[in-house]
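Trainee: The residues making up each chain are set out below.
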Amino acid sequence: MILFIIKRLISIAATFFAVSIIIFLMMHAVPGGPFDGNDMPVSAAVREQLMAKLGLDQPLWVQYLNYMGGVLRLDFGVPYQSPGESVLSLLANAWPPSLILGGLGVLIGAPLGILLGMAAALNRNSWIDYLASAVATLGLTIPVFVTSMLLILVFAVWLNWLPASGWGKPERWILPIVAYAAIPLATYARYTRSAFLDNINKPFVTTLRAKGLSERRIIFQHVLKNSAIPMVTVFLPMFIGTATGSIFVESMFRVPGLGSYFVSSIQNRDYPLEMALVLMVTVAICLAYLISDIVYALINPRIRFGGNKQ
Amino acid sequence: MTTETDVALAVPPAYVQRSPAYFALRRFLANRAAVGGGIVLLILILAAIFAPLLSKSDPTAQAFLKDSLAFPSAEHWFGVDDLGRDFFTRILYGARVSLTIGFAAAAFSVLIGVPLGALAGYFGGKTDWFIMRLIELFSVVPPLLGAMLLGALTGGGFVTIIAVAALFGWVGVCLLVRAQVSAFREKEFVRAAQALGASPWYIIRRHLIPNSVSPIIVGFVLSIPLAMMLEAGLSFLGIGVPPPTPSWGQMINVGMNFVFFYWHMALFPTAALAITVLATTLFGDGLRDALDPTQKGR
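If you're matching them up, the sequences are chains A and B in order. Just so we're on the same page, the working numbering is the position in the first sequence counted from 1, plus 2. Just so we're on the same page, the working numbering is the position in the second sequence counted from 1, plus 261.
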């Protein structure tokens with residue numbers, strides 16, 4: 003097991019460096035530099051000095067090594083747009099809203115989705131089954147900003163029940179959390195349903211019934227455990243969907259979170275900030291990979307011992 | 262006395278040999294959601310093609326500046342936007358942008374995904390390992406982030422978005438084709454072709470790709486909504502199709518600023534995008550279930 007985790011960690015580190023090199027090159031291949039914008043016009047001499055101070059006049063590979071050396075010491079540099087702060091402090095102010103809203107969205111959406119999927123599988127072709135299918139299809143096909151827009155139109159504009167945007171008061175959290183919860187809810191409703199349907203007519207369930215086990219224990223203890231693998235598999239795509247969805251949800255609901263920096267850092271050629279954000283997302287996704295691999299290995303010994311990397 | 266002619270002999274039903282396509286069609290038609298999605302998609306395609314006939318005004322001309330922000334009426338079905346353009350016309354021409362990008366990106370996804378998937382599936386081993394690592398790299402960078410960087414790299418625009426969407430869309434097609442090809446690789450007819458001295462290239466082209474037609478069709482249709490969502494997302498963030506060209510994502514972003522007073526600016530592009538994406542996905546899902554019944558419900 004430890005060997006397995008070490009192996010995965012090495013492959014994750016390799017992916018991390020591959021992504022960092024690609025992103026770094028792509029970022030610098032974008033025409034234009036951080037001081038070419040019109041809102042902060044600087045003379046050529048000043049620009050040259052700034053470029054030299056920030057090390058932007060050096061060859062790319064030196065810049066890359068400098069930057070990554072800093073990253074390994076958790077120093078992500080200084081954002082060009084607000085030189086008084088460090089990237090780390092800027093992000094430290096921005097991540098709580100994103101984490102609270104996204105985290106609550108997943109924590110509420112995923113269990114609800116699992117319950118909905120279970121209810122749908124146990125009452126096949128009933129209204130709850132159709133409801134689950136409808137929720138799953140809508141949640142997985144309609145982009146997050148469309149869901150957000152519809153929520154705002156219905157609950158803030160027409161019914162006037164909830165505030166449409168902002169941050170601070172708990173009632174302002176409700177709509178963004180619902181928007182965030184849509185993806186985990188839909189994903190889990192769909193995959194729990196199909197995993198349950200696969201298992202519910204297997205011989206082991208009949209055996210358990212014949213043994214006289216209560217229906218509740220059969221469902222929650224045995225069928226749920228056997229349906230867990232596809233549920234772990236979809237965790238990663240769901241996580242990526244929620245993470246990138248944050249860019250839209252936060253821009254729709256005007257939440258001062260990480261999402262807004264993604265766009266502004268790219269538009270302003272703010273290399274350190276942009277790099278820090280992309281690397282953070284990559285690390286988060288790699289960690290999600292690792293966690294789902296470990297959970298896989300825990301629930302399915304064949305993966306652990308077979309050395310099947312998938 | 263009754264004549265023999267009155268006695269009708271039970272005619273045995275004529276034996277008709279049905280092709281797999283017939284059964285696929287039957288399965289597709291039995292799926293009401295998929296048929297509905299297909300009909301809506303067809304209407305949208307026709308509306309996009311015949312947009313100039315359905316609306317007389319120009320989507321970029323500020324012809325109704327005096328009525329700026331007017332609500333929907335008999336004259337302007339979806340109202341007028343903030344710059345004095347008929348909103349129905351804008352939505353209609355937005356369908357052109359969305360559908361063109363969706364279909365073109367899906368076509369390029371197939372062009373990249375089919376050869377790579379066939380190579381990975383047929384040769385396995387190192388080739389497969391390399392292509393799978395490539396796919397892994399693409400799945401670690403979320404499509405939207407990569408698209409944002411690439412969009413900035415190239416300055417956005419119509420062609421760029423098609424390229425970006427194809428770059429991130431081929432993975433799905435590639436995996437579908439790879440699975441099909443590696444399942445057929447060991448079949449007797451491929452063995453026979455190998456024994457007769459056919460080259461790998463010939464086998465892939467003449468035997469394996471024609472046998473993968475259903476996953477290719479499914480992959481094509483299912484990458485359309487993904488590309489449309491990517492385009493709308495990028496345009497929403499202001500790094501997609503540049504402004505005078507009507508794009509639903511862009512209109513949603515503008516509508517957001519007017520949502521409390523001029524709700525029509527937000528509602529119609531949102532609804533148009535939702536309906537189009539939903540219809541295409543339902544159609545694609547139905548097609549997948551019809552062409553490959555073993556995958557049903559996944």
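No lab work stands behind these hints: they were computed from the structure. Here the structure is a predicted model, which means the values were calculated and not measured. Incorrect hints may have been included.
Okay, the calculated bits of chain A under chain B, using three or more residues with CB under 8 Å as the criterion [stated by the list, open to error]: (1) 9-23; (2) 105-111; (3) 244-254; (4) 274-284.
Some chain B residues judged to face chain A by a derived CB distance under 7 Å, without partners named [unchecked claim]: (5) F521; (6) Y523; (7) I536; (8) L539.
Positions of the beta carbon are idealized from the N, C-alpha and C atoms, including for glycine.
Trainee: The structure should be examined with respect to each hint, and the outcome stated for every one.
Mentor: Results for each hint:
Check on the region 9-23 of chain A: 3 of its residues sit with their Cβ under 8 Å from a Cβ of chain B, so the three-residue criterion for coverage holds. Counting residues of the region 105-111 of chain A whose beta-carbon sits less than 8 Å from any beta-carbon of chain B gives 0, not enough to reach three: the coverage restraint is violated. Residues of the region 244-254 of chain A lying with their CB closer than 8 Å to a CB of chain B number 6, which satisfies the three-residue condition for coverage. Note: the region 274-284 of chain A has 3 residues with beta-carbon separation from chain B under 8 Å; the three-residue rule is met and the coverage holds.
For F521 (chain B), the interface hint holds, since its Cβ comes within 7 Å of a Cβ in chain A; the closest pair sits about 6 Å apart. The interface hint given for Y523 (chain B) is violated, since its Cβ lies 10 Å from the closest Cβ of chain A, which is over the 7 Å cut-off. The interface hint given for I536 (chain B) is violated, since its Cβ lies 10 Å from the closest Cβ of chain A, which is over the 7 Å cut-off. Given hint, L539 (chain B) at the interface with chain A, holds; its Cβ is 5 Å from that chain's nearest Cβ, closer than 7 Å.
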